[in-house]
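Okay, here's what each chain looks like letter by letter:
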Amino acid sequence: NAGVTQTPKFRILKIGQSMTLQCTQDMNHNYMYWYRQDPGMGLKLIYYSVGAGITDKGEVPNGYNVSRSTTEDFPLRLELAAPSQTSVYFCASSPPHATGADQPQHFGDGTRLSIL
Amino acid sequence: AQSVAQPEDQVNVAEGNPLTVKCTYSVSGNPYLFWYVQYPNRGLQFLLKYITGDNLVKGSYGFEAEFNKSQTSFHLKKPSALVSDSALYFCAVPRMDSSYKLIFGSGTRLLVRP
Chain L
1 NAGVTQTPKF
11 RILKIGQSMT
21 LQCTQDMNHN
31 YMYWYRQDPG
41 MGLKLIYYSV
51 GAGITDKGEV
61 PNGYNVSRST
71 TEDFPLRLEL
81 AAPSQTSVYF
91 CASSPPHATG
101 ADQPQHFGDG
111 TRLSIL
Chain Y
1 AQSVAQPEDQ
11 VNVAEGNPLT
21 VKCTYSVSGN
31 PYLFWYVQYP
41 NRGLQFLLKY
51 ITGDNLVKGS
61 YGFEAEFNKS
71 QTSFHLKKPS
81 ALVSDSALYF
91 CAVPRMDSSY
101 KLIFGSGTRL
111 LVRP
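Chains as they are written, first to last, in the numbering used here: chain L, 1 to 116; chain Y, 1 to 114.
The hints are simulated quantities; they were obtained by calculation from the structure and are not laboratory data.
Some clues are possibly wrong.
Distance windows between CB atoms, simulated [what the hints assert, rightly or not]:
| id | chain 1 | residue 1 | chain 2 | residue 2 | range |
| --- | --- | --- | --- | --- | --- |
| 1 | Y | Lys58 | L | Glu79 | 28 to 38 Å |
| 2 | L | Arg77 | Y | Pro18 | 38 to 48 Å |
| 3 | Y | Gly16 | L | Ser18 | 46 to 56 Å |
| 4 | L | Gln17 | Y | Asn41 | 22 to 32 Å |
Far from chain Y, some chain L residues (derived; all Cβ distances over 12 Å) [unchecked claim]:
| id | residue |
| --- | --- |
| 5 | Val4 |
| 6 | Gln6 |
| 7 | Gln17 |
| 8 | Tyr35 |
| 9 | Gln37 |
| 10 | Met41 |
| 11 | Leu43 |
| 12 | Val50 |
| 13 | Gly53 |
| 14 | Thr71 |
| 15 | Arg77 |
| 16 | Glu79 |
| 17 | Val88 |
| 18 | Ser94 |
| 19 | Gln103 |
| 20 | His106 |
Please read these numbers as outputs of a predicted model, since none were measured by experiment.
No residue lacks a Cβ here, since even glycine has one placed at the ideal position from N, Cα and C.
Based on the sequences and whatever the hints tell you, model everything.
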């Protein structure tokens, strides 16, 4: 069982370039999330999705876009890379919260992105 | 608004000694509380959760957490630390407006020395 898979693991971009961070999960989870992790700042939610075709902004969405065409995949797009987007990006998924907020999230191993 | 605080950036303990990683919370209503661990170059892994019931919650890798309503705390504990426990630990609480979204603390780095 692969869980949540993120690619690439590392990437260096030049300012103004664009790229897509890939995320796929094989647990049939409805809910998926993108976070960024900056040193000493914990995790900040960028975008999330409650199912295929449905996405919404989190705390720090500026400079990013997402799509959710299938249950499995939730790619994150950076259109015009800026140095402030240098970070570690994590994708996560969780089952539906039919019974409340008690379902843990499952995380991928992250993409380390540097913008130079 | 829901929030969690981890007052210590780093905790240092010797192998074999008990460890405590602190977390305090501010929530409306009955809290759901989580602990996650992050090993180097890995994503976060779920350790344990408190929903209701027994104030002492047992989780993975021998960790447990004590829910204290009067002190609004949810401290992570382990009776005997291992060097392999060295990692970054996060407590988290669901958002009030959208309970499937989590608010994470800033993290506490645990260093267990041999």
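Status of the hints after comparison with the structure:
1. Y:Lys58 x L:Glu79: 28 to 38 Å: Taking Cβ atoms as reference, lysine 58 of chain Y and glutamate 79 of chain L lie about 46 Å apart, which means the hint is violated.
2. L:Arg77 x Y:Pro18: 38 to 48 Å: holds (46 Å)
3. Y:Gly16 x L:Ser18: 46 to 56 Å: holds (51 Å)
4. L:Gln17 x Y:Asn41: 22 to 32 Å: holds (24 Å)
5. Val4: violated (7 Å)
6. Gln6: About 8 Å separates glutamine 6 of chain L from the closest Cβ of chain Y, which leaves it inside 12 Å; violated.
7. Gln17: holds (24 Å)
8. Tyr35: violated (8 Å)
9. Gln37: Glutamine 37 of chain L is in fact no farther than 12 Å from some Cβ atom of chain Y, at 9 Å.
10. Met41: violated (6 Å)
11. Leu43: Violated, because the least Cβ-Cβ distance between leucine 43 of chain L and chain Y comes to about 5 Å, which does not exceed 12 Å.
12. Val50: violated (7 Å)
13. Gly53: holds (17 Å)
14. Thr71: The assertion about threonine 71 of chain L holds, with a minimum of 15 Å to chain Y.
15. Arg77: holds (20 Å)
16. Glu79: Holds: least Cβ distance 24 Å, greater than 12 Å.
17. Val88: Answer for valine 88 of chain L: violated, closest chain Y Cβ roughly 9 Å.
18. Ser94: Given that some Cβ of chain Y is not farther than 12 Å from that of serine 94 of chain L, nearest at about 6 Å, it is violated.
19. Gln103: violated (7 Å)
20. His106: Violated, since 7 Å does not exceed 12 Å.
In summary, the structure is inconsistent with hints 1, 5, 6, 8, 9, 10, 11, 12, 17, 18, 19, 20 from the numbered list given earlier, while agreeing with the others.
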